[in-house]
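S.K.: Sequence:
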Amino acid sequence: MPAPFGLHVGKSRWELEVPGDQCLELHHAQRPNSPEPAAILAREALEHPYQFQPMRRALTPDDRVAIVLDPGIPALPDILSEVLNHLASGGISSDAVTIVTPSGTQQDWIEKLPEEWGSVRREIHDPSEHNNLAYLSTTQAGRRIYLNRTVVEADFVVVISGRKYDPIAGYAGAELSLFPSISDEEALNSFVGEMSTKSPIASEWPVRLEALEVVHLLGMPFLIQVIEGADDTVAQVVAGLPPSSEEGMRQQDLRWHATVSEPADTVILALSGENERITFLDLARAAACGARVVPRGGRIAILSTASPELGEGAHLLRSLDGTTGARKRLAREKPKDWAACLLWLFAVRHHSIFLASGYPDDVVEQLFATPIRTVEEVQRLIAGGGKVLVVPDGHKFIVTISEPS
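My numbering puts the sequence shown at residues 1048 to 1452.
Calculated from the structure, these hints are not laboratory results.
Watch out, some of these pointers could steer you wrong.
Said to hold, decoys possible - Taking lysine-lysine and the DSS-like style, the derived pairs with C-alpha atoms no more than 27 Å apart in a straight line are:
| id | residue 1 | residue 2 |
| --- | --- | --- |
| 1 | Lys1245 | Lys1381 |
| 2 | Lys1159 | Lys1058 |
| 3 | Lys1245 | Lys1058 |
| 4 | Lys1434 | Lys1245 |
| 5 | Lys1383 | Lys1245 |
As the list claims (entries may be wrong) - Computed spacing ranges between beta-carbons, pair by pair:
| id | residue 1 | residue 2 | range |
| --- | --- | --- | --- |
| 6 | Arg1376 | Arg1104 | 49 to 57 Å |
| 7 | Pro1407 | Pro1342 | 25 to 33 Å |
| 8 | Thr1185 | Glu1424 | 51 to 59 Å |
| 9 | Gly1053 | Asn1236 | 38 to 46 Å |
| 10 | Pro1124 | Arg1103 | 51 to 59 Å |
| 11 | Arg1104 | Gly1067 | 52 to 60 Å |
| 12 | Glu1380 | Pro1253 | 22 to 30 Å |
Every residue gets a Cβ at the ideal spot worked out from N, C-alpha and C, and that includes glycine.
I would like the entire structure built from these sequences, with the hints used as guidance.
M.R.: So, in C-alpha cells, the structure goes:
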C-alpha cells in the first residue's frame, strides 16, 4: 500500500504518495507542539526557569536592562510582550529597557507590541562603530572581547533567541546571540567560512565553546530559548541562567533530530510557514539535511514557495559556469552568506537538486538546481525508483543514519 504524505509547503498543502516498499521511516521523538500558545509558554518559562527562580527575583527597580533579541523567532511580539510584562512585575520601567538586535536586522516587530511598550528603546548593533562597542575582557586563548556597549554596561541582560542547527556553531541561539553576533567586526570576520557540514549531534564546536566563555565573562545573562514547532509555531520555551543552554539544546534535539535506518535514493524536504521567514540559509539547511543521508548521485527535492533574498555569495554562485572552484572564490571574497553558500555547494556538487520555490526558473538553474513547480513533478521523482525519505520542515531537522545495533 502506498504511504500518503500531506506536506505543508509554505502555506499550501501538497499531497504525495510513496509506495510502501520504497518508503523509509523517519525515526524521532515526534514531540508534539504544546497546545498552549507561545505567550503562555513564555510566561511559564519565566515563572519556572530551568534550575532557577522567576526572573523578577534577580532584578531591582533601578536596574538598566538590555534585551538581546533574535528577530527571526516565531510569535515574536507575543513572547517579547511576556518578557516585558515580567520585567514590569519586577519594578522595571519601560525607559530602563533597551532592545538590541543584530546588525542588518529589521525592527518592524515594534509595531506589534502593546501600546504601553511602544516607546521602549531600540538599537540595531553596529559592529563597525567603535563608540557602540565596549571592552569586556580577554579570553584564555588571548582574544580581546568587544561587545555591544549597551549590553556590557547594562545591570541585567536578557537574551531571547531561537534554537536552530547552525553550520558555524552547531547550535544557533542563546550564547551565540551574544558572541559573535553583537561583537566587533574583527571577531565576526574571524568566523566567516568557519563552518562544517557535519551533524552537530554529540560533538563540540569551538565557536560555541568560546561563546560560552564570553557569556561567563559577561556575568549571568538570563537566556530565553525558543524551540520552534511545525510551520510558524513555538513548540517549547526554555528559560534560565547559562546552564540552561544545555537543556535548550537537549530539547532542540528531542524535537528536531531524527534518524533513518539506511541511506535514501531520494529525499523530499518541505519548508512550511510564511515565506517572509524563510532565508537562503534555510534552503541550504534543507539541502544539506538531504545530502547527509543520500549517497552521491542521489536526488534531493526541496519544496518551498519562498524566494528569499540572495546575498553576495549566492550571486557569485549564479555567475559561475559550474561548482568547480566555487569554494576558493568564496574563500577569497568572504561574503556574509558564505556559510549558506558552502552548505548549498555541499549538496549540489554531488547530488541532483530539484527546487520548488518562488524564484524564476533561470535563477534556480544558476544555483545548479532543476526547477520544479507541481506535485506531479515530485511524484515522477518518486516513480523513478529507489528508497524515498520524506522530511517535513526539512530546514529545521538534522537527520542522520542510525548505527546498526
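S.K.: Each hint needs a verdict: does it hold in this structure or not?
M.R.: Here is how each hint holds up against the structure:
1. Lys1245 <-> Lys1381: Distance of about 21 Å is within 27 Å: holds.
2. Lys1159 <-> Lys1058: Holds. Lys1159 to Lys1058 sits at ~22 Å (cutoff 27 Å).
3. Lys1245 <-> Lys1058: violated (30 Å)
4. Lys1434 <-> Lys1245: Roughly 23 Å between the alpha carbons, so the hint for Lys1434 and Lys1245 holds.
5. Lys1383 <-> Lys1245: holds (20 Å)
6. Arg1376 <-> Arg1104: 49 to 57 Å: holds (53 Å)
7. Pro1407 <-> Pro1342: 25 to 33 Å: holds (31 Å)
8. Thr1185 <-> Glu1424: 51 to 59 Å: holds (56 Å)
9. Gly1053 <-> Asn1236: 38 to 46 Å: holds (44 Å)
10. Pro1124 <-> Arg1103: 51 to 59 Å: violated (21 Å)
11. Arg1104 <-> Gly1067: 52 to 60 Å: holds (56 Å)
12. Glu1380 <-> Pro1253: 22 to 30 Å: holds (24 Å)
The structure fails to meet hints 3 and 10 from the earlier list, while all remaining hints are met.
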